[in-house]
Amino acid sequence: MSTVATPPAAAPTPEFTELPPVDRAPLRRLRRRRVLLQVACVLVTLFMGVPLYLITLAAFSSRETLNKFPKSLWPTELSTDTLKAFLSSTGVLPAFLNSIVIGLGSLVLALLIGAPAGYAIARFLFRGREPYQLFLLLTRALPIVVLSVPLSQLFLRAGVYDTVLAVVLVHAGLSLPTTILITASVFVAVPRDVEEAAQLFGCTRFEAFRRVVVPMALPGIAAAAIFTFVLSWNEVLAAAVLTLNNRTLPAQVLVSLSDSPIAYRFAGGFALVVPALLFILLMRRYLLNMWGSTLR
Amino acid sequence: MAEVRMRNLVKTYPGGSVRATDEVTLDVADGEFMVLLGPSGCGKTTLLRMVAGLEMPDDGQVVIGSRDVTYLPPRDRNLSMVFQSYAVFPHKRVRANIAFGLRMRRVDRAKAKRKVDWAAELLQLTPYLDRYPSQLSGGQRQRVAVARAIVMDADVLLMDEPLSNLDALLRLSFRAELKRLVGEIGTTTIYVTHDQVEALSLGDRVAVMREGRIVQCDNPISVYDVPASEFVGGFLGNPPMNFLTGTLAGTNGQVQVDLGSQESLPAPARLAEFRGKPVRVGVRAEAIGVSREPRDDAARCVVEVFEPLGASVLITATLAGQVIKVQAPASFRAEPGEELWLVLSQDSLRWYDPDSGVALIAA
Amino acid sequence: MASRAGPRRQLPVPYLLLLPSVVMMTLLFGWPLLSGILQAFQGPDGGFTLANWERMIGEPRFWEAVRNTLLLTAVVIPIQFLFAMTMAMLLQAKPKFAGFYFYLWAVPLAVSDLAAGLVWLSIFNDVGYLNSVLVNLGLVEHGVQWQLYSEPSRLFFIVLVAEVWRATSLVLIIVVAGMQVIPKDYDEAAQVLGATFWQRLWYVTLPLLRPSLQVALILRTILALEAFAVAQALTGRNFPLLVGETYEWAVQLQNPAVASAVALVVLGLSMVVAIVYLRALRQPSAVESR
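Listed in order, the protein sequences are those of chains A, B and C. Residues in the first sequence are numbered from 1 upward in steps of one, following the numbering used here. Residues in the second sequence are numbered from 297 upward in steps of one, following the numbering used here. Residues in the third sequence are numbered from 660 upward in steps of one, following the numbering used here.
Since the hints were derived computationally from the structure, they do not count as laboratory data. Hints may contain errors.
What the hints assert, rightly or not - Here chain C is said to cover these stretches of chain A; the calculated rule only asks that three of the stretch's residues, wherever they fall, bring their Cβ under 8 Å from a Cβ of chain C:
id, stretch
1, 18–32
2, 81–95
3, 143–155
4, 238–251
5, 279–287
Glycine is no exception: its CB is placed at the ideal position from the N, C-alpha and C atoms.
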């Protein structure tokens, strides 16, 4: 009730002209539009999701099922034969391990080199700050293809061609500009006062960084780490050009594409896709922050 | 121009457990300037947005003129609105900003230009018509927002705390300008604010809201002078209304309130039925007379804090163990610890129920 | 926010912090870039020559690759942007399950282009799922040969679909991030002022999104010019693309010089694209919002 216990009244007595009835037509229109909205969303989701379902289905079908035509779209005859065959194919398991090692290596290296630079951009005003950031944006737009061939020759001469180290270096380098920009925006978001308070209470600059800034920046740093890992995991061209025997998984699959049976290819596709689902699940809170931040 | 009638508007935000507006009913007369006043979270902005069509009520009705608009989209309601953040389009020049609504409604070019020039003139924006908003100050951008709204010849003008982003001096000068402007144009206006000075200055009527309900709706003087509840008395006025706790007593035809420490004040005869019960007495700081000499009709207090405020002085004192703030002329002086005698005349006193805070007597 | 690292500091701390990154990027980007440029003009004896370029231009496959790459980019970009804008606007309307939709629509972001090609391989294969559905529905007798090498338009189509599926997520994320930064007051003000949905989109939302769209366009177009593994997975060698040709020259034909030349063509196109976009989408500086 909106009136108080005693007068004055909360509102003057409404005039006794009749109020028109509530017009519900716009509400109905609104509801209809919400339904259409859901339908549209479902359609888009089908386009995005069904292919993922299908590759999973293909990877879990036996050779016979895959040779059948027309294929059934329902998961009636599942088997792990194809996947088992894929994993035991020459080079696949080592490539899988390589990808993981290289991914982790790139992640660590990119953070070790990139985070300090990000911190510098976030906390210091120095000459060359603007040109440096411009430089980072430019390197992001540089096509990897231009660098791959010369890099392979450089590594050949340095004797590190076809090593895990070489690929780690390249992948870390590729992710470096983005890592720096992400960590920079993460550190900017950590209030300076907290760091200064820690220093006032006796920490050195580095201690303040370690005890105070890092815990607060951890989620964003984790996002940068996952980004680097995904980039490394998926990278095909450089990995294929730079390696011969120590391939990453995408490079291995690429190279065997023309010779391999179709089942192998589907299993390979599935193996490459599954981590993507996991990555996006982990990263989804930071996706927008990452792009919002790197826009500046 | 049209009147606005709101009936039993209910709105709960998704995820919220408490109603933002709780069956609010309010009528705004044609051409009236209605102010919705209250602390943040009281529902005033929600109410405004339901009138605008930016929120849909869960229940209730909004009628503008003779049309039910409850569920109509904003563009079909023939309103205009000034936002707290101004929402002046940064990518358009001032002229294009002001003309935006006219352009959307496909008003004839020449007519639109005339209206834009008229509005710009009214808000002293004529030299700035070709600038971009980023080249203007905050106050100027605010004028653009107002110009953009008044150029529309809308039935109702809505304003959501338009002055709160301005600095104090600008706020003062623009408040006066706004009052003159809206008075000239005469559109029905609903104005939301948390600033009670703005509310008193601008409104034909002020609707004070709290926790989703209107607790009092009346002209500014009545709302200030005869608050319907302790909340209203405490919300309006600077300093807020003083409230003293006492017990009603008295014999025969006399009623008085005992404040403790042998201090008492006269009370109206109407309160006789409440004799023996506790009561809260409200009195405004400026309605209290101060004397250095003891008087029979005055209550004794001890000064705690003395604040010279320029145009007046504010004295915080203890009266019968309760805190009271008193306003005195600028020339008055007092020291902490001094004794003063406060004259509280009966017609300046207001009476409230201690449990509900509601006024016991109407004006 | 940041402090002035003036001369009173003993150590130039910011520069020290930046040093490793600068060294790394110079070595990994600067040095190979120069080397690549030089190599394209180097003959087997080490002298300056245009023979590599002549070799590259003389190959008919090269011109096919140029045509395919440009055509693919020119078609993929508008489709992706329209699609991504639509998806972003759908999400903006806050339907139920918006969180789930966003997650699923963003998944292709983490899918490698090779994997995307393989995913659509399972669909477009001669005995793949699409043909299965078509046959089951009785629309065709034996299924359409999507991968027929003699029908370049079909090859183009399947690569196009796979690319749209894979790379629209990136644009979606950028657009959604851009939209979230726009205060919703602007749209609400436009609503009250009488704008219809399309009017709001055209006069308010899109102009305010322009900086985000510009970034997205540049990045996405340059990436589109580098399309490679998708076509490899779906069409093998039957649909030449510029980066695919680089790979061929470098790895199969063991001719790094010509490979560098082709790579430089890609670089050149990327730079042209970037400049064109920057010019075309330039905003007058006075408009930069405070």
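Here is what the structure says about each hint:
| no. | hint | verdict |
| --- | --- | --- |
| 1 | 18–32 | violated (count 0) |
| 2 | 81–95 | violated (count 0) |
| 3 | 143–155 | holds (count 12) |
| 4 | 238–251 | holds (count 3) |
| 5 | 279–287 | holds (count 6) |
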